[in-house]
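*Asks:* Residue numbers (our numbering), protein chains in the order written: chain A, 1 to 463; chain B, 1 to 506.
In case anyone wonders, no lab produced these hints; they're calculated from the structure.
Treat the hints loosely; a few may be bogus.
Claimed, not checked - Subject to a maximum C-alpha distance of 30 Å in a straight line, what follows is the list of computed DSS-like cross-link-like pairs (lysine-lysine):
hint : chain 1 : residue 1 : chain 2 : residue 2
1    : B       : Lys35     : A       : Lys102
2    : B       : Lys38     : A       : Lys149
3    : A       : Lys365    : B       : Lys418
4    : A       : Lys126    : A       : Lys149
Here the structure is a predicted model, which is why all the values come from computation and not from measurement.
Take a look at the letters that make up each chain.
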Amino acid sequence: MKKFNLLLLVLVFFQNGFSQETDSNTVAHLKKIYNSLEYNTIAFNDLKEQWIINDPVFIREIYNRFVVRNAFRINDKKVTRDYIEQKTQDIYEGNILIEVRKRYYDDEIEFFAFLPEEEINQPNPKFTFDPFVDGFYLREVLNDKIYDKVRNRDYYYDNLTKTDYDVKTGYYFDLKLNLLDPEIMYWNTTSNSRNKYLLSIFGKWGDERIMQPGWYANEYIVGSKVTFFSNVSNNPQNYTYSVSLGTNFPASQPFIGTPPAKPLYVSGKALYVKISGDVMKYIDESLTDFDLSIESKYTFVDNTKALDYGKYLTKFDFYSNKTYFIIELKKRNLFNLFDFGDFELGGGIGSPDIHHLQYDPASAKISDLDGTKSLFSKFSHFAFVDFGVSRTGGLIQHNLNTLIGYNVQGGFGYFGVKIKVMLSDTFGFDIRYFNTYGVDKKKYEPWRYDSFLVFSPILRINY
Amino acid sequence: MRLKYFAFCLINLILYSVVADAQTYDDFYRKIDLKLKKDSSYLNLHYVDFTGPIALPSSVTSLPRKDDEPFSFKVNETTTYRFVFLMDAVGVDSLELLYIEQRVDKSAAEGGFFGGGGGGPQTDITRDFIFKDMYDLKLNHFDQYSALFNKVTDYIKKNEDAPPEKLLRINPDTEIKTSLGISSRDNTDYLNFMRTNHLHWYPKPKIVAKAKRGAALEEVKTSFRLDASFSQISFSHEFMDFAMGGASVEYGFTEKVINLLPYQGTPFTAAFRTLINISDKKSDLNKALMIDVKLMGRLKLNTAKMMSSLPFVAADKPKLNMGTSGGFDVQITRPFSLPFLNIYLNAGGPAFSSPDVTVPKGADKEAYFSFSQAEATMSFYWNTSDKMTSRFRMDVGAGYYDIWKGTYSGNSKTTSQKELIQDNFYPVINFYFNFISDNSEFYGCKVRFFDSQASLTSWLKLVEIGGGHIIRFEGTYISAPIARKLRAWEAKDGGAIVQLRYRYGF
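Looking at chain A on its own, in the form it has when it is part of the complex:
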């Protein structure tokens, strides 16, 4: 008899075990159906309106509705009275908050969960009860009035809605309108669907590394630029190399007050070349984020028309920078300063020549007043260091840099700041201010200024 009873129990046990497995499968299947009824917008979860209800009295009101309707579940099972009483204590102490999320395409609630305060912002929070994932059932539990109050947020809450701003580089066109260094990317192609060749028109007004910041340089360089990305990147700094070719045009100098008696003029047509790239990694693969640039301007034809110099009818003296070379090496992302950005450090040498010239409109001829000087002695050399922080992405992008330079021949130096701030990578401004130090007025060239302030608004349209 005992054996028979034991056999019966074993049979009942296995039957029950099998039945439980079948039932749990059915429950799981029902749950899948329930969760699949809505149009799935899981890809937008982080962009949907979401918030935390902090109002302790309102939380009690909601909690009580759930208790009255016996709507709390854990793992789809009703909860025990003991557990409710235990969690009610947490409600008294204000330790339980409510996380709410709205649907993407309308105003209904799609997620509603009680959770302990310490679980907020945790990657996989432990909810106090099973979350509600259906606003219509929630409405039934809470009633229309409270449900609408939750939706309309007429109480104390913390907004967690993500507003997503980031730098995204589009390769269709890119208009960077900045008076000091504009660039218009208007054509692109690829050779293997992963890389990009971008063709741009660029402008360049002055160069602070040779102490001729925009506005104070009366020439504007305009040209064409090819930029190559070996891999398409969302960060425009991650280009592989770029080559720029351009020429110069005379530019007016707004906002700089009284010009010097013997100004710096454009004295001819020049060729401008710049090559830059992340080339150090070809020496050693670990040497990444180095930006090496070499650029030069060379004047190859002298201006001879009176109109090129303004309304002078008699002989006049002026200075001109016909040629310069600049070489700079910059290390980006040297170390991270959290939300402030990444630290970068660069340095280099800039060598402009200065010619003291005289123009005679009568003979349409330019003569060199420093004719006895050798070509090499007309060059002066600047050594400079440029460091600061750069932040890309986020709502605000910025470059905050300090530039310190020293003129070896003149025995004077200059220092200043370059501030470029962009909002959502669309609107912004560029301000640069420099001052000189150690200037010997007797030796200081008459065309040079003591301090420089240049700025420009920035508008960037990128698709």
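Guided by the hints, dock chain B onto chain A, whose structure is given.
*Replies:* Okay, now just chain B, sitting in the frame of chain A:
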């Protein structure tokens, strides 16, 4: 004894688990039925309708219901049975029948005294076989469920060309959001802009029939089109259309390059414009290479006297003479994948004699002339969203004009001295914004920066009358020079013009 006690506990546990599972089932049944009943927008479900006698196995003519009498299909022509089901859901392997809705067409059955068909709903809808019944059918009467399942899947297979209808009422396809808006890769933005702003007519497709699968497009045919304001007018008629495009004419008092208001320059412009579409299909304008060419002739005209009697112009009298000249204005859509290109050139001979506007200089006079103007720009278009309610365009390029000074002794009308005083290129930026609500233009503006001056042109739609008549209020303001001195030939303090613009057939 121990064994009996153990058996008692075990049986209790089994009974508890059965009750608990039943509660869980009921929970889900209730939630699902509630959602199916209440959610009117987000349900990603499909349905098929069977009207009239349904060919079903005899086993399913009557279906058991969990908490009610069995459900029977009615066999008549006015009753439709809607089978609602879930398909292609993540984690749900096969199609899942959810409920059956009975829809009785009352308009056919109840004629009424006046023939029926009055106001109000004409269909009685009842949901007699809910999810709870359907899922119970699947669990406990699988043969019957299977018969219904096969009925639906057979219908879907037989109608592969017409996938089952959806209950989804939100339209994610029209609410696509991107992080920065969109810029079309074809002529869409260009055509949208031109149709709203251009002085000349652009072909416009019109949806003539909404088929289930897409819409047929047909070009709008109007007999003539007119755009007229106080400063310029354009006109075209359908007889001027030709296979690859169309033509139109234009007259006006405007200047494109130099910062001058209408009438502030001194030319009268007449232009002949042709639009040429080069594409495989005439109707496929979005992919076509479009060349919009305007050939212009300008006549010297003394508008200085006219300006003082024009109440809608608030500006100083012109000081610049613009001679008789000819030129062209070309706009090309993305040749070789380049941006949209705009090239403008106007050139005339050095006609210094008998200037309309002179400036006294002691006993003598001086006159300023511009004989040549040019502008080349690239255009870029973008929208804030795919709804294209806020549309933007930016032109970036360079402009050129010359300024000559002629000196006249005493009352002489021939110059004693000529001098080229300005011969420069300047960067030019035009920024445009259009606001289009419900596909109807409402507001537009243009800001232009050229040669240290800004000009703002803005329009607002005042009236739209059926049949294609639109009246806009439009104004243009040109600023004084910024960050440079006023030149001898320039008017002080800029100026402004306000005008009404009438468009028909656009």
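*Asks:* Verify the proposed pairing of Lys35 of chain B with Lys102 of chain A, using a straight-line Cα cut of 30 Å.
*Replies:* 16 Å, holds
*Asks:* With a cut-off of 30 Å on the C-alpha distance, tell me whether Lys365 of chain A and Lys418 of chain B pass.
*Replies:* 23 Å, holds
*Asks:* With a cut-off of 30 Å on the C-alpha distance, tell me whether Lys126 of chain A and Lys149 of chain A pass.
*Replies:* 26 Å, holds
*Asks:* Straight-line Cα separation of Lys38 of chain B and Lys149 of chain A no greater than 30 Å?
*Replies:* Distance of about 19 Å is within 30 Å: holds.
The structure meets every hint from the earlier list without exception.
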